[in-house]
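*Asks:* Listed here are the chains, written in short residue letters.
4 protein chains.
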Amino acid sequence: MDEAEVALIVGAGPGISASCARLFSQQGVKVAVAARDANKPALKALARDHGITLIACDASVPESVAAMFDEVSRTLGPPRLVVHNIDGRPRDVFRKSIIEVDPAAVLTTLTNSTFSAFLVGQQAAKAMLSLEGRDGHRGTIVFTNASAALKGYPRSGAFAAASHGKAGLAQSMARELMPQGIHVAHVPIDAAIGWEQPDGSRAHRLAGEAVDDNMAHPDRIAELYWHLHRQHRSTWAFEVVLRPWTENW
Amino acid sequence: MDEAEVALIVGAGPGISASCARLFSQQGVKVAVAARDANKPALKALARDHGITLIACDASVPESVAAMFDEVSRTLGPPRLVVHNIDGRPRDVFRKSIIEVDPAAVLTTLTNSTFSAFLVGQQAAKAMLSLEGRDGHRGTIVFTNASAALKGYPRSGAFAAASHGKAGLAQSMARELMPQGIHVAHVPIDAAIGWEQPDGSRAHRLAGEAVDDNMAHPDRIAELYWHLHRQHRSTWAFEVVLRPWTENW
Amino acid sequence: MDEAEVALIVGAGPGISASCARLFSQQGVKVAVAARDANKPALKALARDHGITLIACDASVPESVAAMFDEVSRTLGPPRLVVHNIDGRPRDVFRKSIIEVDPAAVLTTLTNSTFSAFLVGQQAAKAMLSLEGRDGHRGTIVFTNASAALKGYPRSGAFAAASHGKAGLAQSMARELMPQGIHVAHVPIDAAIGWEQPDGSRAHRLAGEAVDDNMAHPDRIAELYWHLHRQHRSTWAFEVVLRPWTENW
Amino acid sequence: MDEAEVALIVGAGPGISASCARLFSQQGVKVAVAARDANKPALKALARDHGITLIACDASVPESVAAMFDEVSRTLGPPRLVVHNIDGRPRDVFRKSIIEVDPAAVLTTLTNSTFSAFLVGQQAAKAMLSLEGRDGHRGTIVFTNASAALKGYPRSGAFAAASHGKAGLAQSMARELMPQGIHVAHVPIDAAIGWEQPDGSRAHRLAGEAVDDNMAHPDRIAELYWHLHRQHRSTWAFEVVLRPWTENW
Numbered sequence: 001m002d003e004a005e006v007a008l009i010v011g012a013g014p015g016i017s018a019s020c021a022r023l024f025s026q027q028g029v030k031v032a033v034a035a036r037d038a039n040k041p042a043l044k045a046l047a048r049d050h051g052i053t054l055i056a057c058d059a060s061v062p063e064s065v066a067a068m069f070d071e072v073s074r075t076l077g078p079p080r081l082v083v084h085n086i087d088g089r090p091r092d093v094f095r096k097s098i099i100e101v102d103p104a105a106v107l108t109t110l111t112n113s114t115f116s117a118f119l120v121g122q123q124a125a126k127a128m129l130s131l132e133g134r135d136g137h138r139g140t141i142v143f144t145n146a147s148a149a150l151k152g153y154p155r156s157g158a159f160a161a162a163s164h165g166k167a168g169l170a171q172s173m174a175r176e177l178m179p180q181g182i183h184v185a186h187v188p189i190d191a192a193i194g195w196e197q198p199d200g201s202r203a204h205r206l207a208g209e210a211v212d213d214n215m216a217h218p219d220r221i222a223e224l225y226w227h228l229h230r231q232h233r234s235t236w237a238f239e240v241v242l243r244p245w246t247e248n249w
Numbered sequence: 001m002d003e004a005e006v007a008l009i010v011g012a013g014p015g016i017s018a019s020c021a022r023l024f025s026q027q028g029v030k031v032a033v034a035a036r037d038a039n040k041p042a043l044k045a046l047a048r049d050h051g052i053t054l055i056a057c058d059a060s061v062p063e064s065v066a067a068m069f070d071e072v073s074r075t076l077g078p079p080r081l082v083v084h085n086i087d088g089r090p091r092d093v094f095r096k097s098i099i100e101v102d103p104a105a106v107l108t109t110l111t112n113s114t115f116s117a118f119l120v121g122q123q124a125a126k127a128m129l130s131l132e133g134r135d136g137h138r139g140t141i142v143f144t145n146a147s148a149a150l151k152g153y154p155r156s157g158a159f160a161a162a163s164h165g166k167a168g169l170a171q172s173m174a175r176e177l178m179p180q181g182i183h184v185a186h187v188p189i190d191a192a193i194g195w196e197q198p199d200g201s202r203a204h205r206l207a208g209e210a211v212d213d214n215m216a217h218p219d220r221i222a223e224l225y226w227h228l229h230r231q232h233r234s235t236w237a238f239e240v241v242l243r244p245w246t247e248n249w
Numbered sequence: 001m002d003e004a005e006v007a008l009i010v011g012a013g014p015g016i017s018a019s020c021a022r023l024f025s026q027q028g029v030k031v032a033v034a035a036r037d038a039n040k041p042a043l044k045a046l047a048r049d050h051g052i053t054l055i056a057c058d059a060s061v062p063e064s065v066a067a068m069f070d071e072v073s074r075t076l077g078p079p080r081l082v083v084h085n086i087d088g089r090p091r092d093v094f095r096k097s098i099i100e101v102d103p104a105a106v107l108t109t110l111t112n113s114t115f116s117a118f119l120v121g122q123q124a125a126k127a128m129l130s131l132e133g134r135d136g137h138r139g140t141i142v143f144t145n146a147s148a149a150l151k152g153y154p155r156s157g158a159f160a161a162a163s164h165g166k167a168g169l170a171q172s173m174a175r176e177l178m179p180q181g182i183h184v185a186h187v188p189i190d191a192a193i194g195w196e197q198p199d200g201s202r203a204h205r206l207a208g209e210a211v212d213d214n215m216a217h218p219d220r221i222a223e224l225y226w227h228l229h230r231q232h233r234s235t236w237a238f239e240v241v242l243r244p245w246t247e248n249w
Numbered sequence: 001m002d003e004a005e006v007a008l009i010v011g012a013g014p015g016i017s018a019s020c021a022r023l024f025s026q027q028g029v030k031v032a033v034a035a036r037d038a039n040k041p042a043l044k045a046l047a048r049d050h051g052i053t054l055i056a057c058d059a060s061v062p063e064s065v066a067a068m069f070d071e072v073s074r075t076l077g078p079p080r081l082v083v084h085n086i087d088g089r090p091r092d093v094f095r096k097s098i099i100e101v102d103p104a105a106v107l108t109t110l111t112n113s114t115f116s117a118f119l120v121g122q123q124a125a126k127a128m129l130s131l132e133g134r135d136g137h138r139g140t141i142v143f144t145n146a147s148a149a150l151k152g153y154p155r156s157g158a159f160a161a162a163s164h165g166k167a168g169l170a171q172s173m174a175r176e177l178m179p180q181g182i183h184v185a186h187v188p189i190d191a192a193i194g195w196e197q198p199d200g201s202r203a204h205r206l207a208g209e210a211v212d213d214n215m216a217h218p219d220r221i222a223e224l225y226w227h228l229h230r231q232h233r234s235t236w237a238f239e240v241v242l243r244p245w246t247e248n249w
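Protein chains in written order, with full-length UniProt numbering: chain A, 1 to 249; chain B, 1 to 249; chain C, 1 to 249; chain D, 1 to 249.
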């Protein structure tokens with residue numbers, strides 16, 4: 001390819017997003033990472049160490065998402081690879097019964113997860129449709145999702161609704177956009193995410209959950225996303241269900 | 001049963017809601033119908049002819065939903081049968097491409113459909129848990145849904161997200177509430193709704209769609225809902241996929 | 001209706017089949033029950049008490065199935081309601097690991113369950129297509145299925161394959177036959193079947209499983225099947241997922 | 001890795017199997033390909049050009065499958081990668097209505113596809129459990145499947161049953177074997193397979209179907225399978241749904 005591709009990763013936790021940023025950057029891609037708070041020290045270190053552009057964005061606000069894509073397109077170029085990696089589940093809906101969960105937190109879950117996936121997907125589609133296809137491939141949109149996209153667990157109604165909603169959106173977008181040269185991939189990860197930190201301790205996504213050897217490693221997930229982006233349009237994967245070997249499903 | 005049961009139907013179009021109101025009333029149930037605009041002449045006629053209580057409610061607003069359940073419980077008694085029959089899709093997301101659909105309309109779709117299903121489901125669960133079980137059955141919550149709950153069609157991202165979201169919510173609620181004596185049923189209807197009007201002309205739910213002999217008749221759907229409410233808890237149907245004989249799926 | 005309908009129930013355990021035979025007979029239907037061994041005392045008693053015709057049939061053998069339909073059509077008339085109620089799982093595949101299960105037993109599971117469903121479905125379709133529609137409805141074919149149709153449990157590969165296979169067959173037949181006036185319904189029952197016997201003791205389908213208050217009662221399942229057969233073609237249920245209130249799914 | 005891995009590909013058409021054989025061989029793997037007729041000139045050429053071992057096997061016969069695994073283990077070593085790539089659909093079930101399809105051909109479809117998947121999966125599991133894990137990974141079993149695994153099309157009952165059955169088997173095996181270090185992957189390919197031949201003409205899997213630019217290319221599918229085999233057990237993909245960009249689904 002003549003020119004460096006551009007990737008935009010929306011959602012900026014220390015897990016999948018950071019792993020994607022590092023891997024894509026190593027592959028010669030110009031990478032932007034968007035986060036609500038782009039001033040977190042860990043993000044700044046990631047940006048500095050890997051030449052990554054940080055962008056502040058509230059992905060549940062239409063104007064903020066549009067501004068983020070404008071900025072990326074203007075400074076790096078229109079992205080060919082966009083990852084929506086927002087869980088969006090506020091702590092106060094976690095394992096709450098349907099009776100006791102706060103309606104405001106449920107609405108926040110829907111807007112942070114499903115609605116932001118729509119906003120990011122819409123702008124990504126617009127940006128990619130402005131690009132010429134390379135072997136017919138204009139770009140790739142990856143939606144990270146959770147096991148709640150596949151199964152509605154008890155005491156988890158808000159998250160089940162948001163995750164199923166994101167799955168339905170991804171399927172509709174795939175049917176609409178794949179014939180236009182945009183690869184839409186839906187990746188429900190039926191696992192907690194965990195990894196070792198440089199000091200040998202273990203980090204994980206959800207406080208309060210056990211950390212063990214068998215959590216899904218974000219670097220491996222980034223490798224899958226890169227593989228998806230490199231697939232030929234004759235055999236695009238629409239859905240990949242990821243699980244660690246020990247997952248009870 | 002000693003005392004008349006109470007049913008609450010949320011959403012008040014001339015199709016499924018009106019058919020349910022008539023049938024449940026004929027079965028001796030005290031029926032309330034909630035609509036955003038409870039002053040519509042057709043609703044007033046329905047109420048007058050069948051002794052139905054009308055309630056004004058914006059089902060996407062937590063306080064409005066809570067007030068509606070308070071009013072029903074106070075005037076008729078806590079409902080044993082609640083039907084969430086809101087499509088919630090604004091006209092301006094209908095068959096719009098992901099590129100051109102207005103974000104505000106997408107958010108409205110999510111709140112009118114998925115979030116209102118949560119609000120109604122939450123209040124229904126609270127009301128039913130206050131009731132004693134009859135043969136272990138405290139009550140029934142039916143979520144009407146669309147084929148978009150089963151498949152994400154192109155140019156239909158907002159509706160796919162909202163309908164999938166409602167499906168995920170229903171499944172989570174079923175897993176949580178069925179062991180507590182509440183029958184949660186999810187009914188995706190893979191059809192347009194249509195019926196003959198008293199003057200012999202045909203009515204249907206969606207303006208702009210062809211009306212023909214083979215649309216799903218709302219009276220038949222009401223019969224199914226009544227059958228679901230009468231099922232024994234040893235064999236509750238969680239999901240019923242309805243289709244007319246000619247549906248192309 | 002002018003003339004008594006005919007129903008054929010294939011599979012003749014003491015659970016769902018017997019409940020269907022009794023209920024359909026009470027509804028004025030002429031009922032035939034087919035079993036591998038039509039000489040079982042319990043079957044003979046059922047036949048005597050409810051005026052039911054017994055037919056010997058090995059439903060995994062094409063000629064035997066064809067002969068059974070010939071006999072029913074000749075003696076009672078072509079059936080308008082056919083229930084395939086064969087589990088078909090030999091005891092020796094039950095909870096066996098993939099390593100230790102006997103290949104011959106796996107093949108028997110496939111032929112007893114999936115292949116017999118095809119054979120019965122094919123003959124049922126032929127018989128029904130010879131009938132005139134009543135309000136456009138020629139007949140109903142119900143496939144009883146198990147939770148293994150929805151989920152492949154570990155140590156259950158043969159049964160998962162057979163049950164998924166039956167589900168795929170039912171879906172294909174529904175798409176093909178519903179436009180021709182034949183209602184095809186798939187009913188995965190996510191439960192063990194259990195009921196009280198006249199002497200107050202409890203019976204159940206699978207020896208070795210706990211019997212408790214919460215098993216699916218076959219009389220309730222028969223009621224659902226009758227409801228399905230009475231549905232109008234504008235709103236046929238293709239799939240009904242049944243669960244008892246306490247089922248862990 | 002110290003020693004060359006062994007791969008066994010069951011089913012030997014000129015499409016996916018040949019592409020897998022070439023790619024795995026290029027990766028340094030010792031490859032065996034099993035076919036009913038191992039004497040086909042195209043297979044012999046493949047074997048000669050890429051150093052591949054050919055084995056004659058009827059994969060629907062238990063003894064034949066056991067003998068094939070014995071031979072591979074004895075001559076090359078126990079396989080760490082097994083691909084079940086048999087479609088198994090005889091020409092005479094293809095697009096036949098449920099009424100007209102020959103029962104014998106339906107049974108052949110079930111045994112060639114679903115039952116052979118079980119036989120190959122069982123022997124693969126046995127062979128892999130004898131191997132030591134590499135980073136906890138003993139081996140990978142890939143089941144190629146068709147869109148009929150996801151949807152039962154009309155006039156396709158036999159193939160829907162067989163493909164759904166294979167999907168159920170794969171899911172059960174994944175749940176059982178992944179905790180034992182065996183990666184089971186299910187790959188429904190919602191596409192016809194097509195590719196250019198060395199002489200510039202186009203080949204494809206199913207005679208009678210249109211060949212165009214947008215069929216799934218078997219070389220790309222082989223790349224996916226290799227990626228799956230190289231995944232870390234913390235993030236195994238259980239299911240990958242493949243589609244070409246133009247597929248109508």
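Simulated from the structure, these hints should not be mistaken for laboratory data.
From the three backbone atoms N, C-alpha and C, an ideal C-beta is built for every residue, glycine too.
Please note that the accuracy of each hint is not assured.
[What the hints assert, rightly or not] Chain B regions said to be covered by chain C (calculated; three or more residues, Cβ under 8 Å): (1) 80-88; (2) 175-181; (3) 225-232.
*Asks:* None of the hints should be skipped; say for each whether it holds.
*Replies:* So, going through the hints one by one against the coordinates:
For the stretch 80-88 of chain B, the proposed coverage by chain C is not satisfied: 0 residues have a C-beta within less than 8 Å of a C-beta in that chain, short of the threshold of three. Here the stretch 175-181 of chain B counts 4 residues with a CB under 8 Å from a CB of chain C, which clears the bar of 3, and the coverage holds. Taking a C-beta to C-beta cut-off of 8 Å, the stretch 225-232 of chain B contributes 3 residues in contact with chain C, enough for the three needed, and the coverage statement holds.
Consistency note: the structure conflicts with earlier hint 1 alone.
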